[in-house]
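Novice: Residues per chain, in single letters:
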Amino acid sequence: MNSNSRRATLALALLAAAVLLLVTVAGTALHDAAMVTDFSRKNLPPSLTWLFGTDWMGRDMLARTLAGLSLSIRIGLLTAAVSAVLALVLGVAAAALGGWVDSVLSWVIDLFLGIPHILLMMLLSLAFGKGFVGVVAAVSLSHWPSLARLLRSEVLQLKNAPYIRVAEHLGVSRLAIARRHFLPHLLPQFLTALVLQFPHAILHEASITFLGFGLSSEQPAIGVILSESMSYLTTGRWWLALFPGLALVGVVVLFARLGDRVRALLDPASVHA
Amino acid sequence: MSLEGQNLTFFYPKKKHSPVLQGVDLTLEPGERLGLSGPSGRGKSTLCRLLAGYERPKSGQVLLDGAPLTVKRGRPNSVQLLWQNPELAVDPLLPLGRTLAEGGPVEERLLEALQIRPEWLRRYPAELSGGELQRFCIARALRPATRYLLCDESTAMLDLITQAQLWAFLLEEAERRNLGLLIVSHSDALLRRLCTRIQVL
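Respectively, the protein sequence lines represent chains A and B.
So for the first sequence, the working numbering puts the first residue at 775; every next one is plus one.
So for the second sequence, the working numbering puts the first residue at 306; every next one is plus one.
The following block holds chain B by itself, in its conformation from the complex (with noise of 0.2 Å):
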């Protein structure tokens, strides 16, 4: 029972000789807290969609549980990515509640602990702000079926109070699910803060 990333290199089109990974190992256990950290082009947000199936491994290979991650039509990935701007995950012209509502319907309780004000359901997401919106991509990753959480520097441009808040709500609520946690980082002190183990790439 992991999610695991076995020897994987990965490179763009036409960059062959310049892999943007190359040989990465990684193991990520339900209930655990893997921090990654790593300068600037190292590769960590590659890395990170590559796990959670948006990108194929030139070589090497993701298994989820033993076997290799794929992503079905028409069902939920039971790993999501959180991606670094709020803003591109979601769509200009829905109004957020229909946004949210579409990995199925959403626990109210999420939405209590996320502070989703009712009212922010029927806005679109040129009317709010980034942390605003990122609390709806959050309540939209953590469907059910959801099992493994990658954070790809989800809380850097928030600031500092909201950063906390939402840490503070993603570690009970995987703590409570036993989910794993991917979170990616170039601070250190935050990753010391919430990791269980910190990988540097």
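Bound-form chain A, shown alone (with noise of 0.2 Å):
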């Protein structure tokens, strides 16, 4: 990757992390604009002055949409960086502890990577008892095996490297292989899947939330707004569903190409560009 194309890639970067960030302080900020419910202007199509139109009860959906994806991304942050820690200790541990630790390790990965993923979060947020609570549980207990599967056959892998092994025999110190060889080595993957992390997060959120085992129905979450258009999509209220799911797709899609450019920018092989 040359130079050019780094920065441009950085800049896309950046502005998908400007959007993300927009969308969410001004989800946060229209909250309680999304709970002002008036019957005079309930079930209005998208207009000017209502760009998502209204709902039953005359609420904004705009500042509903917004305030759902803001709480939304919350949760996928919060989520993401707790797998990721998760992931980042037990996969490390397997790996430089090997024996029954290692076995114990992979058991446990390879059982909650057996259990179909929707219904392993529905059974951990019924256990959370539901709410805020089960869904960050759920979600953030359900989103690490793959990566710490991952990271503990890279750490096996650099274990048995010539070039830790030479390392080791020329009396380097183990904290400063530790530093030296496998946080570089680490910190890429690392930082890719807690990005690539978050639309999964966010994606499965609104579908717990959505299939009734997650946030509850008075939170602007965009689940919550969903799986209550339904029931109107029928009478031809197609905006109820139409603009939040809309821009849920948006968002997920943003991280996704968030997590793109920052695997770009951290390839070993583009390290030196």
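None of these hints come from the bench; they were simulated from the model.
This structure is a prediction, so every number in the text was calculated from the model and none was measured.
Treat the hints loosely; a few may be bogus.
Stated by the list, open to error - Below, simulated DSS-like cross-link-like pairs (lysine-lysine); rule was C-alpha separation at most 25 Å, straight line:
| # | chain 1 | residue 1 | chain 2 | residue 2 |
| --- | --- | --- | --- | --- |
| 1 | B | 320 | A | 933 |
| 2 | B | 363 | A | 904 |
| 3 | A | 933 | B | 377 |
Fit chain to chain and form the complex, with the hints in mind.
Specialist: In structure tokens, the structure reads:
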């Protein structure tokens, strides 16, 4: 990658991050506006005043959508961070400690990966009492195994790499080897996985909320909006589902793009570009 | 004062009935240049790994000055192995200057003698050729604590001129510091030219 396309990539990544930040801030500011009901303006189709239309209680759908996305993004950040850290700790522990620790952790990873994802999250959310805590626990406890497995194999491979063995024989301390050799190899994988975890987390949060195992219905969550709008679709109120759905897809695509850019920037082959 | 392998036997996991090495004896004195030859698959590289402490023999022992060889964390080993593939022996994400400094500061004289150009220090391994990387590996292995250097086919993939340059340097350096050299090669002509003694595996 030459320096020009590196700059373009960086610009795109920053732009995506800025849009996401804007949505988060706007949604938080609009949280109260999203709750306002006004029956004099109910069921209005999209117009210049009400860009996304209004629902059966006269709530502004634009405000509700932004507030919902903002909540989704915040939950996504939290759960992606928790699950990535969990994956880092468990994956590195499995590889570094080996023996029975590795066997147990590998078994747990296989167990988690073996259960259908959505089912696992529903079970976890129920076990943690649904609501905000249930969603956060379900999403963060179900997303770590694939990254943990990746980091485990990476550490195993590094441990026996000739250059690490040479460093040991040259008398380099354990800490220096970890900092100089392990960190630069693991960090790109970790950061990329962290960013790419967001879209998954957001979609899954919306899905289990949609299915009724997540956030409670008074919260302006995208999953709640979508599942409520289902009953109004047949009466022709298409805007209730379309715009929030498109906005959700847009945010997820933005995060996925951001992850791809981060990966391109951190890719080992492009380090010296 | 010697590096000694006594009755060394080694097999890889689950290959107990076809050991790579069985009952091999070898002694390397300081200042000596011992050649090791033999067909592929006889365990020449494995023997080097045992002698440098990268693997432990399944039976027999490696003695350094009469005491069992141990590799301690944070302490440089006085037996250094020069790997067959230099591109695997350097971290691909580290500029070579930092790889080189891993064994402590390197004398300017070594860099000059090995014709390592200063601008190479800022480059990454993918930007240099195998021969250039091997020069870094040699400089890195020749830290002050090193007393025995095991060269496992270290110049096999280099052109003849580079080979000749590197060996001329290594012989001179070994002479100066009274290093013991173990030279593994498939080329008998090379071993006859370089070594004071040849052992066939």
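Novice: Now tell me, hint by hint, if it's right for this structure.
Specialist: Consistency of the hints with the structure:
1. Restraint check for residue 320 (chain B) and residue 933 (chain A): the C-alpha separation of about 23 Å stays at or below 25 Å, so the hint holds.
2. The suggested pairing of residue 363 (chain B) with residue 904 (chain A) is violated, with an alpha-carbon distance near 57 Å, which exceeds 25 Å.
3. For the hint linking residue 933 (chain A) to residue 377 (chain B), the alpha-carbon distance of about 17 Å falls within 25 Å, and the restraint holds.
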